[in-house]
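Q: Using the sequences and the accompanying hints, generate a full structural model.
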Amino acid sequence: MNRLFSLLVLVFTLFVASFNAVAQEEHIAPTEATHEGEAAKEPLNIKKIIFDHVGDAHEWHFFTFGHTHVTVPLPVILYSPVNGLSVFSSSKFGHEGHREIVDGRYILVDDHYKAEQVALGKDPLEVEKIKGGSIVTVDGSPVYDFSITKNVMSMLISVVLLLWIMLSVAKKYKMNGSGKAPSGFQNALEPVITFVRDEVAVPNLGHKANRFMPLLLTFFFFIWINNLLGLIPGGANFTGNIAVTACLALITFIVIIIRANGHFWGHLLNPPGVPLGIKFLLVPIEIISLFIKPVALTIRLFANILAGHIIILSIVCMIFIFGAMSPVAGWGFSPVSVGFSIFMFFLELLVGAIQAFIFTTLTAVFIGQAVDEGHGHDDGQHYTSSENEIIA
Amino acid sequence: MELLTPDLGLFVWTLLAFALVFFILGKFAWKPILSSLNEREKGIADSIATAQRVKSEMAAMQAENQKIMAEAREERTQMLKEAKELKDKIVNEAKDQAKNEASKIISDARVQIDHLKMAAMTEVKNEVAALALQVAEKVLRKNLSNDAEQSSFAKKLAEEVSLN
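Quick note, the sequences are listed as chains A and B, same order. For the first sequence, numbering that gives the first Met the number 0 assigns the number 0 to the initial residue and increments by one for each residue that follows. For the second sequence, numbering that gives the first Met the number 0 assigns the number 0 to the initial residue and increments by one for each residue that follows.
Keep in mind the hints are simulated off the structure, nothing from the lab. Since we're looking at a predicted model, the values are computed, not measured.
Anything over 10 Å on all C-beta distances counts as not near chain A; from chain B, calculated: (1) ALA58; (2) GLU63; (3) MET68; (4) LYS86; (5) SER106; (6) ALA108; (7) ARG109; (8) LEU130; (9) LEU139; (10) ALA153; (11) GLU159.
Within a straight-line C-alpha distance of at most 20 Å, the following computed SDA-like cross-link-like pairs (lysine to any residue) qualify: (12) LYS207/A to ILE255/A; (13) LYS171/A to LEU36/B; (14) LYS91/A to TYR112/A; (15) LYS207/A to GLY25/B; (16) LYS86/B to ALA97/B; (17) LYS179/A to THR49/B; (18) LYS173/A to PHE22/B; (19) LYS41/B to PHE194/A; (20) LYS130/A to THR4/B; (21) LYS130/A to VAL11/B; (22) LYS170/A to VAL20/B; (23) LYS26/B to MET174/A; (24) LYS30/B to GLY178/A; (25) LYS26/B to SER167/A; (26) LYS30/B to LEU188/A; (27) LYS30/B to GLY176/A; (28) LYS179/A to LYS30/B; (29) LYS41/B to ASN175/A; (30) LYS116/B to GLU126/B; (31) LYS41/B to MET174/A; (32) LYS173/A to LYS26/B; (33) LYS46/A to THR4/B; (34) LYS30/B to PRO213/A; (35) LYS173/A to GLU38/B; (36) LYS130/A to PRO5/B; (37) LYS173/A to SER34/B; (38) LYS30/B to SER167/A; (39) LYS47/A to PRO5/B; (40) LYS171/A to LYS26/B.
Backbone N, C-alpha and C define an ideal beta-carbon position, used for all residues, glycine too.
A: Shown next, in the form of structure tokens:
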């Protein structure tokens with residue numbers, strides 16, 4: 000524990016130090032430019048720093064030391080209905096500040112490009128809608144971006160880790176058989192697996208729990224490991240990306256739709272014991288609630304993880320806000336900032352596990368409602384309790 | 000707003016990766032893990048059930064043993080009691096018999112003694128009678144010679160008799 004703590008402090012100090020270097024660089028540079036009123040480099044754009052860190056990117060940027068950008072280029076995979084498939088390294092786009100056009104067609108959108116577009120006479124509001132970091136074509140023809148971005152790369156690493164961990168543990172189970180007590184990492188995972196089974200699957204799915212256990216376990220560990228990887232400084236904000244959580248929620252939704260039984264559809268489309276007039280009101284609400292479930296799942300996980308990342312980054316960035324006032328204040332505030340961010344890191348470790356648990360539990364609850372065969376009157380109660388959970 | 004617009008690429012890759020992970024883990028990890036977990040849990044439950052059954056069996060056996068012991072003890076007490084009773088009875092009987100026998104022997108002896116006594120008495124009487132006859136005879140013979148002597152003799156005889 001102590002070792003872990005000191006390691007965290009060390010990592011943080013390095014992380015903060017690299018930031019400091021950027022901040023000082025940026026702090027010095029604008030001094031000449033500020034009076035001209037046309038700042039090529041803005042003094043300290045905290046919003047940009049934070050949103051660059053929580054957003055996706057085509058390259059994996061670790062830190063910038065002076066003018067040296069330490070980045071890992073990632074493969075860019077584009078499909079254009081006009082030009083077909085093209086694959087190239089993201090390093091072809093050049094570095095931040097001096098972007099290049101690849102193959103004479105593809106442009107990586109940045110502030111410079113946006114300013115150029117506005118200068119060309121495009122509607123500034125339209126230009127603002129173009130997503131920074133996305134890829135557009137010179138002629139404006141559609142292009143579909145299937146690049147291995149930072150988030151995809153992070154996910155692939157997590158997939159490899161997850162497969163390695165789980166398959167080695169499974170091998171141990173096969174080797175030891177059921178007669179032997181668990182040992183090693185198997186022992187660490189077993190309570191988690193039995194927790195998912197006994198606290199998540201069985202209470203919500205009853206005797207059907209076994210059928211959905213693989214899905215729930217995959218959800219739990221997939222989300223958990225990605226939450227944890229996202230906490231490593233320099234890591235990607237994978238589970239705090241709406242595309243990811245939307246994808247996971249969509250899987251839940253598809254499972255609900257496929258597995259839902261007649262009882263569920265009957266209650267949804269023709270609630271028994273409800274006057275006809277109310278039915279016209281109730282059925283649309285029920286149908287909407289069916290679609291709200293995955294949306295709630297999407298937003299809960301996305302918002303929780305994103306918020307955690309933004310808070311940590313904000314706390315770290317406070318050093319530079321103070322540093323911009325005076326270097327002394329910046330250095331003076333850094334211990335407070337580091338202390339707070341360590342606290343937030345521990346909180347996020349907890350949140351990472353809790354959010355994985357909540358996503359899995361809600362999936363189990365929703366599937367449980369869909370496959371429920373009905374036990375007379377406690378049905379209504381079942382519904383209200385889960386609706387409460389959605390609100391929570 | 001950039002954060003709220005999902006990227007198609009990331010969405011597709013996540014879907015693919017999750018499907019792959021789900022498939023591989025479902026087939027090669029969750030299945031063996033869950034089945035061996037269930038198996039182990041079943042084994043433990045079975046062992047506990049067996050242990051409990053054996054325990055209850057043992058308890059039943061012990062109770063039975065105790066019952067048998069108690070019965071045996073009671074039987075022993077009963078047997079001892081009976082034996083004592085039997086012994087007492089035999090002793091008493093023997094005593095009674097001995098008493099009876101003894102009294103019979105005594106009474107027989109008494110009867111015999113009486114008999115013998117009677118016989119002895121009769122003999123003595125007979126003897127006395129014979130003696131008296133002899134004396135009488137002798138007296139009668141002496142009487143022939145002398146009256147005076149006869150009377151003194153009679154007197155002497157009388158003294159003798161009374162002395163006897």
